[in-house]
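Fit chain A to the supplied structure of chain U, relying on the hints for placement.
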Amino acid sequence: MNQLKKWLGIVWMLLGPVAIYYLIKTAAGEIAKSPVANTIIQWAVFVIIFIPIAIGLIIFGYYAFKGEYDHLPERSGEI
Amino acid sequence: MTQPSESKKIWQVIAASSVGTLIEWYDFYIFGSLATVIAEQFFPKTNPTAALLSTLATFAAGFIVRPFGALVFGRLGDLIGRKYTFLLTLILMGGSTFAIGLIPGYATIGFAAPLLVLLLRLLQGLALGGEYGGAATYVAEHAPPHRRGYYTSWIQTTATLGLFLSLGVILITRHYLAADLTTSIQRFNDWGWRIPFWASILLVVVSIYIRMRMNESPLFAKLKSEGKVSVNPLKESFGHKANLKMVLLALFGATMGQGVVWYTGQFYAQSFLETVCRIDFDQSRTIIIWAILFATPFFVVFGGWSDKIGRKWIMLIGMLLAVCTYQYIFKQFLNITQPTGKTELAEHRKFLGEKTVLLPKSKTDSIQLRTWEVHYTDGAVFHEIKQDTLWTDPTRAAVTKTATVYDEKKLDTWAYRKIVGWMFVLILYVTMVYGPIAAFLVELFPTRIRYTSMSLPYHIGNGVFGGLTPFIATLLTTIYVTDKLSGLWYTIIIGAVCFFIGAVYISNRIDADVND
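Those sequence lines, one after another, are chains U and A. Number 42 in the working numbering belongs to position 36 of the first sequence; there are no gaps in the numbering. Number 43 in the working numbering belongs to position 58 of the second sequence; there are no gaps in the numbering.
Next up, chain U with everything else stripped away, as it sits in the complex (with noise of 0.2 angstroms):
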């Protein structure tokens, strides 16, 4: 199971870039359809809303192939 969790973390860490080139892609696409205030200001908030969400994905990733979810915490102690 570890070395699954393991493996698995390289797929969430390639699964951040790709949201985010779609994310901005679909929003460029989005904004040139209808460059008008309103569209630009909701796709804004998306991108800048889901990009830090999309890195929190890498580095779950990274940390899932580091092995840190080998184990999870049974104390606070632990944290």
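To be clear, the hints were calculated from the coordinates, so they are not data collected in a lab. Where a beta carbon is used, it is the ideal one built from N, C-alpha and C, also for glycine. Honestly, I wouldn't trust all of these hints.
Selected chain U positions facing chain A (Cβ under 7 angstroms, derived; list incomplete) [said to hold, decoys possible]: (1) A38; (2) I64; (3) F66; (4) Y69; (5) K72; (6) E74; (7) Y75; (8) L78.
Here are the simulated distance ranges between beta carbons [as the list claims (entries may be wrong)]: (9) U:L10 / A:I302: 15 to 25 angstroms; (10) A:V410 / U:M7: 45 to 55 angstroms; (11) U:I54 / A:F96: 23 to 33 angstroms.
Okay, now just chain A, sitting in the frame of chain U:
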């Protein structure tokens, strides 16, 4: 078993926390439920700046401010205590809601009106971001270890009951402002919409009174007396790898999927019934009300069950069921509301009128819309709209297309019950993913930084991933126009990824001791 006095105390704690949280959700929902009316009063489409503020009010309050509120109030809760922090969020939310009901419309005070609404809406989002973590932590820190899931699940019912309450208050107000329904709706749109906002203040005052009489969480009070309170909860929560990895796990393995299932089951489904299936305004709301009424007890059932078998698999199975059956259930909504197979009562057919509107980007070509009220033998009543394109160019007249659509569908009793049944199933999934999650989050983090650490993943999962569901789903349906169910792919993909992460990485262990 808890002693009678302890049992009484825990119920007081649950009541104090739940009533306040219920009111916060109610306050947050009435703005969304009355969005169309509010837009007419404060955000006229003719004024681009006002329309811009409307977009900000919708997006900023829901998605940016909620996680920010989680950070601000979570930090406060870990520094000064749970009791005073979630008292503060309640006052902030109640005050903002009441004030929205007092603001004169755009026609009276101009640009100041939408600006004030936006500011108050931001305060609402901020308050909501701080409330939930406090209430869940407060109850969990009072609860005995073997009943933590059960007791915290009462807090979980409040989000759905807040929606129930807001829909109920709006429907009642909309119907009873005059003896005649049309006049009543007119009055509601003019000034009656303010009543649900004002009603909030009474509930808030009662809730503040109850909360003022409660003591601080015993675990936090103990930490404080020992001088072990966190000095910098934000740094400890997100700056230390050992805790950050648990925050990320909570987000990607639980709250992200919970958020999309929650919003699809309660909000996107409602919007789908109204805008895609074209069910009548009142019926689409009463369907949700019935489904909520039948499904709400299951929050407590699944919360209590999680004390016996663990939190993980109840949440994840709820997520998996949602991912696997959403397409089928929403397809049922479409099938049930079609006129196919119905027998019309021709003698009852009534012509309601016709109108002609110009085609977009055309100065001469137009669409003629003729509407009939159609009655069926099973008791259903639909509006049938025939659309004919009228070309000014005679050579194009040969390719004129006539389309028939059905709108404002009042379903027959059997169809209505079937839709309530499917809605119940959708909300049952919500109870599975949401019922045990407060206990799950509380057990993941230590007391000294619990409020901060659990609030952020919850509000990113519920507020951002969940809150965006209706917008992204609608966006998908505009891209893939031929597939009416394409909006579900966002929920299905996010839910599937979350299920997979949760299944592989999360532990099913119940933490026996949250005192540390």
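We went through each hint and held it up to the structure:
no.: 1; hint: A38; verdict: 14 angstroms, violated
no.: 2; hint: I64; verdict: 10 angstroms, violated
no.: 3; hint: F66; verdict: 4 angstroms, holds
no.: 4; hint: Y69; verdict: 5 angstroms, holds
no.: 5; hint: K72; verdict: 10 angstroms, violated
no.: 6; hint: E74; verdict: 5 angstroms, holds
no.: 7; hint: Y75; verdict: 5 angstroms, holds
no.: 8; hint: L78; verdict: 5 angstroms, holds
no.: 9; hint: U:L10 / A:I302: 15 to 25 angstroms; verdict: 20 angstroms, holds
no.: 10; hint: A:V410 / U:M7: 45 to 55 angstroms; verdict: 32 angstroms, violated
no.: 11; hint: U:I54 / A:F96: 23 to 33 angstroms; verdict: 26 angstroms, holds
Checked against the numbered hints above, the structure breaks hints 1, 2, 5, 10 and satisfies the rest.
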